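We have chain A already, so just place chains B, C and D on it with the hints.
So the chains spell out like this:
Protein chains: 4
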Amino acid sequence: MAEYAKMPYNIADDSLADFGRKEINLAEVEMPGLMACREKFQDKPLKGARIAGSLHMTIQTAVLIETLHSLGADVRWCSCNIFSTQDQAAAAIAVAGTAAVYAWKGESLEEYWECSLAALTWPEDDGKGNGPDVIVDDGGDITLLIHQGIEAEKKFAADGTLPDPESTDNAEFKCVLNILKRELERDPRRWHKIIDRIVGVSEETTTGVHRLYQMEKEGKLLFPAINVNDSVTKSKFDNLYGCQHSLPDGIMRATDVMLCGKKVLICGYGDVGKGCAKAMKSNSAIVYVSEIDPICALQACMEGLQVVDPADVIGDIDILVTATGNKGVCTYEMMSKMKNNAIVCNIGHFDNEIEYGTLQAKCKRENIKPQVDRFIFDDDHAVIILAEGRLVNLGCATGHPSFVMSNSFSNQTLAQVELWTERNSGKYKKSVYVLPKKLDEEVARLHLAKLGAKLVKLSQEQKDYLGIDPDTMPCKPETYRY
Amino acid sequence: MAEYAKMPYNIADDSLADFGRKEINLAEVEMPGLMACREKFQDKPLKGARIAGSLHMTIQTAVLIETLHSLGADVRWCSCNIFSTQDQAAAAIAVAGTAAVYAWKGESLEEYWECSLAALTWPEDDGKGNGPDVIVDDGGDITLLIHQGIEAEKKFAADGTLPDPESTDNAEFKCVLNILKRELERDPRRWHKIIDRIVGVSEETTTGVHRLYQMEKEGKLLFPAINVNDSVTKSKFDNLYGCQHSLPDGIMRATDVMLCGKKVLICGYGDVGKGCAKAMKSNSAIVYVSEIDPICALQACMEGLQVVDPADVIGDIDILVTATGNKGVCTYEMMSKMKNNAIVCNIGHFDNEIEYGTLQAKCKRENIKPQVDRFIFDDDHAVIILAEGRLVNLGCATGHPSFVMSNSFSNQTLAQVELWTERNSGKYKKSVYVLPKKLDEEVARLHLAKLGAKLVKLSQEQKDYLGIDPDTMPCKPETYRY
Amino acid sequence: MAEYAKMPYNIADDSLADFGRKEINLAEVEMPGLMACREKFQDKPLKGARIAGSLHMTIQTAVLIETLHSLGADVRWCSCNIFSTQDQAAAAIAVAGTAAVYAWKGESLEEYWECSLAALTWPEDDGKGNGPDVIVDDGGDITLLIHQGIEAEKKFAADGTLPDPESTDNAEFKCVLNILKRELERDPRRWHKIIDRIVGVSEETTTGVHRLYQMEKEGKLLFPAINVNDSVTKSKFDNLYGCQHSLPDGIMRATDVMLCGKKVLICGYGDVGKGCAKAMKSNSAIVYVSEIDPICALQACMEGLQVVDPADVIGDIDILVTATGNKGVCTYEMMSKMKNNAIVCNIGHFDNEIEYGTLQAKCKRENIKPQVDRFIFDDDHAVIILAEGRLVNLGCATGHPSFVMSNSFSNQTLAQVELWTERNSGKYKKSVYVLPKKLDEEVARLHLAKLGAKLVKLSQEQKDYLGIDPDTMPCKPETYRY
Amino acid sequence: MAEYAKMPYNIADDSLADFGRKEINLAEVEMPGLMACREKFQDKPLKGARIAGSLHMTIQTAVLIETLHSLGADVRWCSCNIFSTQDQAAAAIAVAGTAAVYAWKGESLEEYWECSLAALTWPEDDGKGNGPDVIVDDGGDITLLIHQGIEAEKKFAADGTLPDPESTDNAEFKCVLNILKRELERDPRRWHKIIDRIVGVSEETTTGVHRLYQMEKEGKLLFPAINVNDSVTKSKFDNLYGCQHSLPDGIMRATDVMLCGKKVLICGYGDVGKGCAKAMKSNSAIVYVSEIDPICALQACMEGLQVVDPADVIGDIDILVTATGNKGVCTYEMMSKMKNNAIVCNIGHFDNEIEYGTLQAKCKRENIKPQVDRFIFDDDHAVIILAEGRLVNLGCATGHPSFVMSNSFSNQTLAQVELWTERNSGKYKKSVYVLPKKLDEEVARLHLAKLGAKLVKLSQEQKDYLGIDPDTMPCKPETYRY
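Protein chains in written order, with this note's numbering: chain A, 56 to 537; chain B, 56 to 537; chain C, 56 to 537; chain D, 56 to 537.
Misleading hints may appear alongside valid ones.
Identical copies carry no separate label here, and so any pair may be met within one copy or between two of them.
[Stated by the list, open to error] Within a straight-line C-alpha distance of at most 30 Å, the following computed DSS-like cross-link-like pairs (lysine-lysine) qualify:
(1) 419 to 61
(2) 518 to 229
(3) 518 to 485
(4) 492 to 509
(5) 275 to 229
(6) 272 to 531
(7) 210 to 183
(8) 236 to 394
(9) 512 to 272
(10) 419 to 482
(11) 492 to 512
(12) 424 to 505
(13) 509 to 394
(14) 77 to 419
(15) 531 to 492
(16) 392 to 512
(17) 95 to 394
(18) 484 to 272
(19) 102 to 424
(20) 392 to 77
(21) 493 to 531
(22) 77 to 394
(23) 419 to 382
(24) 512 to 417
(25) 509 to 382
(26) 493 to 102
(27) 392 to 505
Derived by calculation from the structure, the hints in this document are not laboratory data. Given the structure is predicted, the values throughout are model-derived calculations rather than measurements.
Here chain A stands alone, though its shape is the one from the complex (with noise of 0.2 Å):
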C-alpha cells in the first residue's frame, strides 16, 4: 500500500479537474449560505488551522473545502463512503491546490482507511506534529480511527500487546486494525500527538453524533464535538429535504424504473426515513412504513403510510429501502421471499442495514452496471441490490442537491469556526455542543432571499405582546420540534 500522505494528493484523474470547476461554478450560485460566510469572514477566523475532514467528496462538498480555505485553514479531505466521491469534484479541489485529497470512486475497503489516515497526515511537521488541529466528520470514521489509535497505543504502552487484524471477522475492521498495527510499529505515539492538538471535531450525521454521545456517556470522549445534525437547518432540511430529492434520484439512475403503482416499503421513519416516504408518494408509489417507535409510526399514520411488519408484506413489496441507522434491517430471509427484480437499497448509514454479506455468500451475483447488481436465489428469482448496500444517494446518484447542503455545511463552517477561535478560551470541555439556535437562525435567514422569500418584521407592539425580538434573540425555546 502506497504511502498516501507523501502524495499532494491521490485521485482518480487530475483530468476531470476542469469539468468539476464547471460544476463547483454552478453550485456556488446554489449555495448562498456558504458564499455569505465567505463574505462575513474575510478576516480569516480560520487562519492557522489544520482541517482534517472525512465527507462525501462532492462538488457540495468542495464549496465547503473552499469555503474553509477562504476563511485561512490548511485543508486535507478524504471521503466517508467508498462510492460517494464525484471525480471530477475532488479533481478540481487537488488540481487547484485548495485541499489535498484523498479521494476516488470505488476505493476499496483497504484504500478507503489508507485515504483517511493520510487526511490525517500532513507532510510536515509544524512544531506540534503532523496532526490536523480540527475535524469535519461523517459518520465518525475519522473520530473513530483516533479513538482506536489511542487505545491501541495505550495497550501497547502497558504490555506491549499490537492490535490483532486475525481478531475479526468485520472487513472494514480488520483493515483498520492493520494500519494501527502497522503504524504502532513505526512510532507508538503518534495518534497521542495528534489528540495532543486537537481542539475538536463537527460531526453531520445521526449515526456518527450518536456514538459520540455513547463516548461522551462512558467518558471516552478525547476532545470536544460540535454535534451539526441536530441543528435545525441540517437534521430538517438535510436528512429530510436532502434524501427526498436523492433516493428516487438514484433509483432512477440505477434502474429507470416508474415509481407509480410500485409497491415501496421505507424501514425507518425519522427524519430520513420522512423524506424518503414523502418522495416515494409524490411519485405515485404505494408506501408502506416499518418503525419500531410508536410516535414515529403514528406520524406515519397521520401522513397516510401504511405501517406494517415488513414480514406481513415482504412478498408484495417492489422497492425495499433501509433508512434506521440499524444493523440487519433487512435480512437475507427477507429478501429470500422477495418478488424477482425487486430493488433493494441502503439510505440510512451503514451497509450492514442490509444482510449483504450473507447474500454474497449465497447467491449468485450478475452485474448489471457499476452499482446495481442482480443477486440470484437457487429458486432462480433475484433482487437487485443497488450501491452494493451502501448509501444509495450517494453510490447511484450524486447525493444531496447544493441548496440543502448549503444550509448543513454553514453549519459546518460555523461550527469550525466556533471550535478554532474558542480553542483556547475553555468554552468546550470533552462534550458534545449544538450550536446556539440564533446561529441555526442565521444558516436559515441566508438562504430565503435565494428562494425569493421575505420575513415579517414585528410592530414593537407585538414583539411586547410576545415577549421575543426576532432581531436578538431566538424566534423559538430550545425545545422546540419545528
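The following block gives chains B, C and D in isolation, referenced to the frame of chain A:
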C-alpha cells in the same frame, strides 16, 4: 348575573342529551387512548381529586371528562371559548351527572367568565374549602383568573385597593376585574383558600404554555404546571393534523367556498400553520405563508409554499388565516385592501390576531348566518369574517376530530394522574414540566391498533447495536424533533 | 295528496328567504359564468319559454334559476333528490317570485313525485296547454315521467289498461304509477299535450345521459336532448372537482371523523370516483379503488391507489364510498363483514348502489341525527349509513361549491338558449347532442379572471404553424380527452 | 457520407451489447404488455412483413423491436432524435441481429437523415423493391421523407426540377433536400416503388398525428395511418405519467438542482404539460402554467397551479419547460430576462419550441457536460439549456420508464398486426384511424397483474342494469374522456 355555581349545571338545552350521548358513543370508538386509560386505571387513581376544567366543551372533551370521572375524579367544567361548546355534548355530560358543566355555544363575555368562576367553585366546602385540587386548562384563562385573584387579594390586604374595571379598555379583562372586585368584597381570602389546595395545572395549548413559562421565569407561578402541549403526541398531532382537518371543515361549513384555485395566505408557520397550509395545498389552493422565524420560513419554502410579506399580496388573497399566537396580525388596513368577499379567519388562539375591534367600529356589518359576517367598507367592498375572529374550527365547525384529540387528552389524563398521585411527594415544584418521553410514546402506542399499524420488534443483537431497548427505554433522545 | 301545482309554490319555510337571499348574493360572486350570461343575453333570448327544472334546489341552482329568469324564461322547479334541497334557497326563489318552487329537504317519495309533477304543470293554459317548452333535468326523472306518461296513455288508448302500482316492488316506481294512473283518469291526453310543445331537454348527469342514449338507440326518445354532462367544463369539472370538494365535506359534517390514516374504499373510478379518491388521498387516508374497466383501473394504479377486489379488503375498510352508477355495489353481505362503525355512503347517483333495503329489513336502526344512521347487525357491530344511501354530498353537506357549478350551469344556460332559439329551425332532431366545443371553451374562459388566470395569445406565425386560431376555432380536436 | 444501408448496422459501439442485453432482460419484467403479445401471437402474424421504424432507440424500444421480430417481422430501425439513442440498446439489438439498427447518441443532422434513409432501405430487393411494408413512426419524420420524396419525383417527372438545398435556411430541411436530390439523381422512381408496397404507418406522437390529420384533410396522405397516440393507454399514460417520471429525472441528471422551493414555468398544459406540472409540484416547486386553451387553463387552476402570462413572471422563474407542440414558445427575449443560471428545457417535441438558434447566434456558449450548456448574455447572466433544446427526458435521462412504454408499445404492436393482416381486406383507406376501444382496454388489462390490481366482475343483473358487458363490449362510449 346569576351565581352559576349554585346551579347543578348551566347549559343551553337538556333535551340535547340523548343526541349528545349518541355522539359520545361514536366518539369513544375513535378515541382508543382514552378508552385504554379507563381500562388501565381501574383502581381509580383520581379518587378524591376535585378537577376543574376549562376546555372547549365538545364531544371529544366529553369523553375526556367521563374518563377523568371513571378514574375517580369529581369534575366541574367550563369552555375556554365563547363559541366552541357543542350544546349536545354539554347536555349529555350535565344530564348524566358526570360533571357539573357551565357552557353553551354563544356565551357573552360576561357569561364566559361567570362560567369559568363556576367551574372553579364547588358548592360544598369539603373541609379544605370549595376550590379544585387540579386544573385542566386550555389557553390559561382559569389559571390567569386564579393568579389575578391572588394578586388582587394581596393588594387589597396591603392597602384596601379594589380592582377597577374602568381601568381597562379591553372588554374581556373588564369582565375579569368585575368578578374579582365582586368576589373580593364577598371574601377577601377566596383565592388564597383555593391556592392552598391546588396541586397543579395541566395546560393544553402553545399560548397557555407560553404564559406559564413567562410566569415561571418571573417567579410568579403559584403551583406546578404540566405542559401537555409539548408532548410530541400533542403538539405534533393535534396542532398539526387537527388543524389540517378542522380549518377547511370550518371554512366550508361557514361559506361553502371552493378552495381549488383560490389564493390563501396563512400567517404563521408553526405547527398550526403547517397543518393549515398542508390542508389548503391539498385542497388545490395556491398557498402563501408569512413568518417571522427564518427556520420556519425556510421549511415553508421547502414545501413549495411562497413565503411573502403580506403587504405584497394582500390584494390578491381570497382567504386569509391567522395562526401566529401574536396580536394585530391581520390589520384593518390589510382588510381594507382585500378583494370583495375575501374570507378572513383565525385559528391561532385569541381573536386579537385580527383587528376585529377596528372592523366593528369602522365597517357596516351584515350578518349572513351565525359566525359568518360581512363587514362592508365605505367603498362597498366587504370582507367575510368567520366566528367573529375567534377560533374558526371551533366556531364554525366542531373542532378537531376525535382520533387526534384522543392523543392530546390521553396526555391530559396522564398529567392529571401524575399531579394528583404525586401531590405529596414533592416531585413537582412551582415550575413547568413536560411528561416523560416514555409516557408520550405510550400515548402513541395506544392509538396504533385502531389504524391497523404494527410495530417492529428488535432482536437483542439490534438492541445492543443501537444501545436502545424500546421495551424499557424511550426510543429517542430528549432533543429529538420528530 | 294536495295538488301542488295549484299552489304558487310549496316549500319548507318562507321565513328563510332573507337568509337564502344573502347566500345567493355571496354565491353570485363565485359564479362568474352565470353572471356573464346575464350580461351577455340582455336581449332576453328565453322570452316566451316555459322552463321546467328538476335539479337539486340549492343556492347554486337558485343563481341558475335567476339567470334563466333574467334571460326571459317563465320557470318552475323541483328538486331531483329528496334530501338535496337547501330550504333557504327554495324560500328565496319562491318568495321573490323568480320561479314557482316545489321542494324541501326531506321529502317523502310520494311528495317527491308530486313536486316533479307540479314543476311540469303550469296552472294556466297559454293556448298550447299547461306544460313546459324546455326541460332542465338531472338524472332524468321528469324526462322519465313524461316518457312513461306517453306510454301509459298509448296503452290506455289501445285497450283501456291503466297503470298498476301493485305491479312493482320498487317503492319509487310505485309512486310514479300512482300518479300516472290518477292523471290518466283525469285527462287521457295530458302527456300528449305536453309532448306536443316540448322543444327539448338539457340533461346534467352521467346517469341521465346514459338513459337518454339508450332511449335514442331504442328509438324511444320523444324530443331533442342536449347532453350537458359531456361538456368538458361539466364532466371534467363538476363531477371531478365538485365531488373532490363535497365528499369530505359531507362525511365530516355527518360524522366529524378524522380521515388521516383511515382506510377508504372508493367503488368506481370514473370522473366522480377520481375526485373522491383524490380528496381522500389528500386527506391522508389510505385509498383503495374497485373498478370493472381496465383503463380506469390502470389510471388508479398510476395515481398510487390500490385497485382491489372489495371482498379482499372489506374487513379492513373504515369508509366505503360508492361512485359507480351501478346497482348493488355495496351489498348487505359486504356490510355484514365491515368493522364496527364503518361508514358507508353513496355519491354515485341512485341509492340502489348500496343494498339499503336489505339493511333496513335485517338490521336494527339507530338514528344519530338527520341523515346519519347506525344499522346494527345481530353480532352487535354496526355500519353508519349517510343520507339513507342517497347522495352524501347533497344529503349531508350542501353539494358542490358555487364556482364549479357555475361551469355546469353556464352550459345548462347555453343549452336552454340553444334549444329554445333553434326550436323552429329543425337543427335538433329526436337525438342526443353535445354543445359545440367552442361554447365549451367559452364557458371555461368566463371563469378564468375570477382566479386571476391569464391566457397566452398566439402570434400569427404560431397560428399558422399550429394550423389553429383560438380566436375563431376550437383549440382541440373533438376527440381530445383533456 | 457513407451509404449506411449497405452496412448490416451502424451504431456507436458493439461492445455495449452485453450491457444492453442485461438491461433488456430487466426491462422485459417491467413490460408485461409486450411480453403478453409475444405469448399471444405465437402464430407469427407479422411473418413476411418488412417493418421500418423511426423511434427513439432505447432499451424499451429494443423490447418492442424484439416483440415485432418475435411476431415474424423483418425489422430495420433508426432513432427519431439525435440524442435519444441508448447506445447499449442499439448494440444489443444490432449484435443479436434482431433488427438492422442505424442510430447512436449524438448524431449530426446529416447523419440523422442518413440513418432514417437506411432504415427505409433494405439492401436486397425481394421482388417488390427494397422498401418497407409497414412503418412505425414517432413524430412523422420518415413519413415526411417518403411524402417529400414522392413530391420531388413528381416535380422532376413533370419538368426535371431537382430539390434545391439552398432554397431553405432550415438546417434540418436542407439535409432532407440533399438526400432527395441525391437519391433522385440515382433513381427517379425510388419513392414511388416504396409507396407501392407500404400498407400503412402507426404513429406514436401528438405532433406526428397532427401532421397526419392535416395531410388527410388536404388529401395528401399516401397510405393508411393508425393514430396510436390517441389510444387512451397511450396519450393518457405515456404522455402524462411518462413525462411525470422523466422530466425531473432529466433535470436532475443534467443539473443536480434541488426542485423544492424553485419557481417553475410549464408552457402548455396538455397531457405532457399535466405530467410535468404534477411532477414539479410533487417535488415541492412553485409551479406556473401558461396556456392558450381556456379549458386546459381552467384545469390548471383547479389543480392549484398559477396560470400566467410568461411575461409577468419570467424574471422570477428558476426553471422553464416547454411542452406545447408549438414553435417560438420560449423566446430569446424571454431568456434575456431570466435569472442567472435559470434552466430552460423542452419536452414538447421539436427543438424549435425554444429560440435556440438565436441563442446560439447571440450568446457565448459554455459547455458544462454533454447536453448541458450555459449561454451567456452580454450582461454576464446566463441560462442553462438542456439537450440543446431537444427532448430533455431523452437527451439528459433515458426517456420514459419501461412500464408506461409497455402500454404505448403494445398499442404499436397491435397496430402493426392490424395494418399487416388487413393489408388486402380494404379495411383501411388513406385515412387516419384509431385502434378500437376494446383493444385499448385489452392493453390496460395486460398491465394490471404486474401491479397486483384486480378487476371487479359484474353480476348478470348488474350487466343488464348498466346495459354493458365488459367481457364482450367496451366499458365506455367512444367519447369518454377518462
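Identify every previously stated hint that the structure contradicts and give their numbers, smallest first.
1, 8, 10, 19
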